[in-house]
Amino acid sequence: MRILIKGGRLIDPANDIDGTHDLYIADSHVVAVGDGPTGFHADSVIDASGCNVIPGLIDLRARLREPGQDHKASIESETRAAASGGITTLCLPPDTNPVIDTPAVVELIARRNDEAGYARVMPLGALTRGLKGEQLSEMLALKNAGCVGISNALAPILNQQIMRRAMEYAANTGLTLFIHPEDPVMAQRGCAHEGAVSTRLGLAGIPEAAETMAVAQHLMLVELTGVRTHFCDISTAHALRMIKRAQHDGLPVTCDVTTHHLHLIDIDIGYFDSNCHVRPPLRSQRDREALRQGIADNSISAICSDHQPHDADAKLAPFAMTEPGISGLETLLPLSLRLAEDGDASLSEIIAHLTIQPAEILGLKLGQLGVGSVADVCIYDPQHSWTFASDEMLSAGHNSPFNGWSLKGCVTHTLLGGKLAYELRDIPTL
Amino acid sequence: MKRHDIQLDSDGRLRHFLTIEGLKRDILTDILDTAENFATVGEQNVKKVPLLRGKTIVNLFFEPSTRTRTTFELAAKRLSADVLNININTSSTSKGESLLDMLHNLEAMHCDMFVVRHNQSGAAHFIAGHVAPHISVINAGDGSHAHPTQGMLDVFTIRRHKKDFTKLRVAIVGDILHSRVARSEIHALNILGVPEIRVIAPKTLIPSHAENLGVHVYHDMNEGLRDVDVVMMLRLQRERMQGAFLPSEEEYFRSYGLSREKLKLAKPDAIVMHPGPINRGVEIESSVADGPQSVILEQVTHGIAIRMAIMSMVLGRNPGGEIKEAV
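Protein sequence lines correspond, in order, to chains A and B. Counting with the working numbering, you get residues 1 to 430 for the letters of the first sequence. Counting with the working numbering, you get residues 1 to 327 for the letters of the second sequence.
Since the hints were made in silico from the structure, they are not lab data. All C-beta atoms in this analysis are idealised placements derived from N, C-alpha and C, irrespective of residue type, glycine included. Among these hints, one or two may not hold up.
Partner residues are not named here, just some residues of chain A that face chain B (Cβ under 8 Å, in silico) [as the list claims (entries may be wrong)]: (1) 169; (2) 190; (3) 199; (4) 203; (5) 317; (6) 323; (7) 324; (8) 388.
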């Protein structure tokens, strides 16, 4: 299959390209940029004039609810939603059921992905068996089976000696360790940022210290063990400052932020909107500004959706009793693009946070469109704006706090390995 | 994003009563004036008025309570409404789904009002957001968030003793962190124009950013009580010792319990209030609770009048009933 993407504005931060260039694809790879190779006959031509052509997005964190929670979503439903959002690679945390702690589970996911995948699903392996924080998992076997990183997801490891050994062992495998920095005791029972809003609403607070204490502790262990570490879901200005200092000191640490922490703050909870119940919680305006600054100065390497689709019942209860999380695949691109509109960073910088930079964290040769690259492509119309309606989402989870937002940057085509994974049919309107 | 107050109908009248926060002073004054009329009903031989005849009110209590439920029940009965009491063990409805199922079942029985108490903050808002349009919800206490009828009966009691809210200094003493009563009192006092509200407690029992509620924070009772017109004591839950909020009841009483000695720091005509039930010797000395400055039992009496006022205002909105002519 030969495809020509014609007349679009190609933005490929990895190769420092931003301009009108045609893109030539053959046999799932990019074969030329700008001028076509001699004798290239396209089987299919995509007219991308007026559109932006960027590498397919790489989302560092998405729960697909398969295996284990089929009533919420499936690999099929969620990769389809991902493709509609221009996402071609999804990183799956190990807290599935069964936990991704054996090669068999990795293979099961790979098989389901082959059957029904509209995007590439890349699993993270469990750091400890069953995520119980007691015994090390067989990390080398997991790596060989296809895990692109290692993580204990949201499950805490209470014994710091075990954490140290796990980090040492992970360093030994060469896998990047993904950490959710949350002190389990400090965060206990909390459901909202500890501050004026939690006080007003009488919700149990999660203090900033729940994050900073965990970051501090892990930074000490990174120094001790040397493991390459990626901090997920940074939500506070203070924790980001600590990570920046560690980066400055030469520690091998990176971090990411979610789109919702870049746009929402604790005040958005309003009167107990359970769609704003997330973990870590939505923080203060000051934190949000610092996180946006972190995108601009690149101390934060990636923007992710932290996609957590839920069935309707999961959000139908008093706030603290609802399950945390946002269904975010379909808003990842437009909400990120809005940062460029708001002037927080350049368009190319934003695209880098969604493509080449997360690819580098995973150690994958993706997220770029140079000659020879895998043809994962997202084409979107930057001018088209529409009103986001959560009940029209493709994801099985309609739990989005962005319902009713006016969004801009509508995906028209998504190519996965040179094959069309999504094409816009009905143009959504304002 | 637009956000409307689900408590109010399109004419700005109370459709539900979930929190005092955000209500206009006029509405609060209306409630107090209406309650003033009802306060005399209880003193008459025939204690009933036919305002809510034919209406069905369901007391939906997910958390045990005797006093609040009883006063709601009495208030409803004095308004001639039919009352159904349902006490639900929260553990059997831990899933929101069954909670909503139960609500819809009650709706199908043509109830008009739910009076809800729940141990989760936001439960009343959640229920109000999911009931049929003809049903009103009154919050009888949700988690640490709000207890608005208690807040209203407290300011009603204050108004009966102190004529002008705009000249008062009020101290609220105790577990502010976990107290829905304190939050509702603070909103009511601020809306009614009280210029100085103090909260007094050890740091462990003061929530983060408490000043944003519109209060001055004191950790020393001797400073905080000086020259106040009203002392509102809060109940201390015994389980606070386990959570490492406090070392012991004894130390708490010595530092933050209201004794006759400490009360002398307040104005000589200061009134002493408590939402009940009282832990004698923990937050308040018996001689103060039963003393001449105490208005604690009046609060209980006023609770009925306030709840009658709120129920009749919320259910009496719709024109074309006996309600209008009876008032």
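- Query: Hints broken by the structure, by number, lowest first?
  - Reply: 1, 2, 6, 7, 8
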